[in-house]
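Protein chains in written order, with the numbering used here: chain P, -16 to 313; chain B, 17 to 110; chain S, 1487 to 1742.
In case anyone wonders, no lab produced these hints; they're calculated from the structure.
In this text, all values refer to a predicted model and were calculated from it rather than measured experimentally.
No residue lacks a Cβ here, since even glycine has one placed at the ideal position from N, Cα and C.
Fair warning: there could be bad hints in the mix.
To be verified - BS3-like mimics (lysine-lysine), calculated; alpha carbons at most 27 Å apart, straight line: (1) P:309 with S:1691; (2) P:285 with P:271; (3) P:285 with P:-10; (4) P:180 with P:248; (5) S:1691 with P:304; (6) S:1691 with S:1605; (7) S:1691 with B:83; (8) S:1691 with S:1618; (9) P:248 with P:179; (10) P:285 with P:273; (11) P:214 with B:93; (12) B:52 with P:304; (13) S:1691 with B:52; (14) P:214 with P:-10; (15) P:22 with P:-10; (16) B:52 with P:309; (17) P:-10 with P:271; (18) P:202 with P:248; (19) B:52 with P:155; (20) B:83 with P:18; (21) B:52 with S:1621; (22) S:1605 with B:52; (23) S:1691 with S:1621; (24) P:180 with P:18; (25) B:93 with P:18; (26) P:22 with B:83.
What the hints assert, rightly or not - Covered stretches of chain S (chain B as the covering partner; in silico rule of three or more C-beta atoms under 8 Å from a C-beta of chain B): (27) 1526 to 1535; (28) 1629 to 1638.
As the list claims (entries may be wrong) - Where chain B lies over chain P, by a calculated footprint (3+ residues, C-beta under 8 Å): (29) 19 to 32; (30) 73 to 83; (31) 91 to 98; (32) 292 to 300.
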Amino acid sequence: MYAQMIKTAGTGVKPREEMTPEEAAFQDRIDADIKIEPKDWMPDEYRATLVRQIGQHAHSEIVGQLPEGNWITRAPTLERKAILLAKVQDEAGHGLYLYCAAETLGVSRDELTEDLLSGRMKYSSIFNYPTLNWADIGAVGWLVDGAAIMNQVPLQRTSYGPYSRAMIRICKEESFHQRQGYDIMMKMAQGTEAQKKMAQDALNRFWYPSLMMFGPSDKESVHSAQSMAWKIKIDSNDELRQRFVDQTVPQAEYLGLTVPDDKLKWNEERGHYDFSEPDWTEFFNVLKGKGPCNTERMNGRKRAWEDGAWVRDGLMAHAQKRAARKVAAE
Amino acid sequence: MKNEWPLWEVFIRGQHGLSHRHVGSLHAPDAEMAVKNARDVYTRRNEGVSIWVVEARHITATNPGDKGPMFEPSESKIYRHPTFFDIPDDVGAM
Amino acid sequence: MATKDHSADLFEFLLRMGDNTLILGHRVSEWCGHAPVLEEDIALANTALDLIGQTQLWLGLAGEVEGQGRSADDLAFLRDAWDFRNVLLVELPNGDFGQTLMRQFLFDAWQELMLDALKGSSDARVAEIAAKAAKEVAYHVERSGDTVIGLGDGTEESHARMQAALDYLYPYVGEMFESDAVDAAMAQAGIAPDPASLRDAYDAKLAAVMGEATLSTPDDRFTHNGGRTGRMHTEHLGHILTSMQWLQRAYPGASW
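Next up, chain P with everything else stripped away, as it sits in the complex (with noise of 0.2 Å):
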């Protein structure tokens, strides 16, 4: 789940009877499933949520592009190598589809990246974890592109236009994305030692990041009720996190892995695993900037961005003075 903790503007669920008849006419159409369109009138808590929610999607792609991008230049093989560009480069699509469904709502992709960069907005916990071996990109792609398929999946059906179409988009590419990971640790899973330890060691360091990636239980929570309400959120963290744990345990099992808990069992009762929970308190440390890599991811984006400046300034003078040479000539 790339979009985590969104504080949904407003103060909870509405009772109908204090809707104004705007609001009640839009929760009708909600309701009825009939998709929010740009121009739509819309309750500014429900565009101010949005913005929040699909930036932070958005903000987490591109700096998703990070961890992974660190193998890009050691992958072993050249056919590894394109599989993990052109996996990487996805993300980067990601993110501009997602950027622009945000823009829909009245916010550029310059302002919603100097938000990222003066930390004024978010991006997923899980990109802070460092990918240290080979194996690595195997995990990403599959606990942390499966994670993220689990929330992404439902999300093809929220309720506003462009974000849900963005979502079909990047679902029908992200499933390559998993594939791909899970490829890799059967290679490393059925091979010598040494990968055998590295695919461990990866299943080690990231499964708990990965179920953090679903957020904190949130059965109580009003902000999350009026998401749903509004259907920007579709099912509640917990649901999402045993959905994910039920579907990734046998996946280990079949690559021969251990899942890193001495709790995890299947409860007959209940027909799913008991599970540990994840260390919270790291969770909240690693958004308040203090996990693994914050730092350099952040750096990472920062200088991007800023050295990028005078190629992007460069390019629209260009542009400029060509669109001025063209009307002259006329």
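Start from chain P and add chains B and S according to the hints.
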């Protein structure tokens, strides 16, 4: 921020014979670069045979508030649809 | 078809083609996630992907011609610097975005002419690879050329940076047009053109693009060389290979 590349809407013909369809947007300094960017961003998976771009600010759209007068009057013209007419099966394909 | 007589020369020629795309593809891939704007990030990755794909074809054929059972991966990941046959231009550091795109254009313009000639190669396998790659490169050169023009003719700063990039890179251009015994053998067999024969068309293209970009091409035709013959690479190649070959070297025999 003052000098942000304009936003372009991208339309792609997926296969020969089909219409161009809106696939998304992107930023580019001018139309030529917008076409190239569209090629790089939106046809990575063999999605197109032709690209149109148009700067977003040049698109004129209907106002959602006018939905009633704009679109509802056509709802009652059901005789425009072929299924309105009952033609006996014996007549054959029509 | 290539006869046995010049298979050693053909192997050498194919390494030159494949090492150029391997090393340049590697360099361009370093940009992923760091470009000035998302659209450029995605476009650069496309260029790198094309180059990696071409590498697989050139080095794959090289391994086949050599006949020692070496795959494209073996050639890419298990040779040391002295066995590499790329021109020095492609191993130079990325520098800023302008330097990267200038290097790209200087290479693309050469590669376009080279591939165009190779489409008529007497070796059908070479002609086939060239035909596929030529389509990719026709786009590369258009895109890199436009970007060089845009930045050269952009702001004062972008102009200055592009001129600095051209001044830095131009002394590496000449190597692409040097000829030796390998080239003579290839030309004689009708497999590949004499690189020197491409220079005039290249200079015309360069003059047109640099003119529009308001950049001045240095008069001095001096050129660094040694990459395509393997005589002497720059210090940069060793560092590229250090990261590129790390896993294959550290875990010999593993399958990835």
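Evaluated hints:
1. P:309 with S:1691: holds (23 Å)
2. P:285 with P:271: holds (18 Å)
3. P:285 with P:-10: Measuring from Cα to Cα gives roughly 25 Å; hence the hint holds.
4. P:180 with P:248: OK: residue 180 of chain P and residue 248 of chain P at ~24 Å, within 27 Å.
5. S:1691 with P:304: holds (23 Å)
6. S:1691 with S:1605: holds (20 Å)
7. S:1691 with B:83: The hint is violated at about 55 Å.
8. S:1691 with S:1618: holds (22 Å)
9. P:248 with P:179: holds (23 Å)
10. P:285 with P:273: Within the cut-off at roughly 18 Å; holds.
11. P:214 with B:93: Given that 27 Å is the threshold and the Cα spacing comes to 35 Å, the pair is violated.
12. B:52 with P:304: holds (19 Å)
13. S:1691 with B:52: At roughly 21 Å apart (the allowed maximum being 27 Å), residue 52 of chain B and residue 1691 of chain S satisfy the hint.
14. P:214 with P:-10: holds (15 Å)
15. P:22 with P:-10: holds (24 Å)
16. B:52 with P:309: Measuring from Cα to Cα gives roughly 20 Å; hence the hint holds.
17. P:-10 with P:271: holds (15 Å)
18. P:202 with P:248: holds (23 Å)
19. B:52 with P:155: holds (23 Å)
20. B:83 with P:18: holds (15 Å)
21. B:52 with S:1621: Distance of about 15 Å is within 27 Å: holds.
22. S:1605 with B:52: Given pair residue 1605 of chain S, residue 52 of chain B holds - Cα atoms ~25 Å apart, limit 27 Å.
23. S:1691 with S:1621: At roughly 18 Å apart (the allowed maximum being 27 Å), residue 1621 of chain S and residue 1691 of chain S satisfy the hint.
24. P:180 with P:18: Given that 27 Å is the threshold and the Cα spacing comes to 48 Å, the pair is violated.
25. B:93 with P:18: With a Cα-Cα distance of about 26 Å, the restraint between residue 93 of chain B and residue 18 of chain P holds, given a limit of 27 Å.
26. P:22 with B:83: holds (12 Å)
27. 1526 to 1535: holds (count 3)
28. 1629 to 1638: Check passed, 3 qualifying residues.
29. 19 to 32: It holds, with 4 qualifying residues against the three required.
30. 73 to 83: holds (count 5)
31. 91 to 98: holds (count 5)
32. 292 to 300: holds (count 4)
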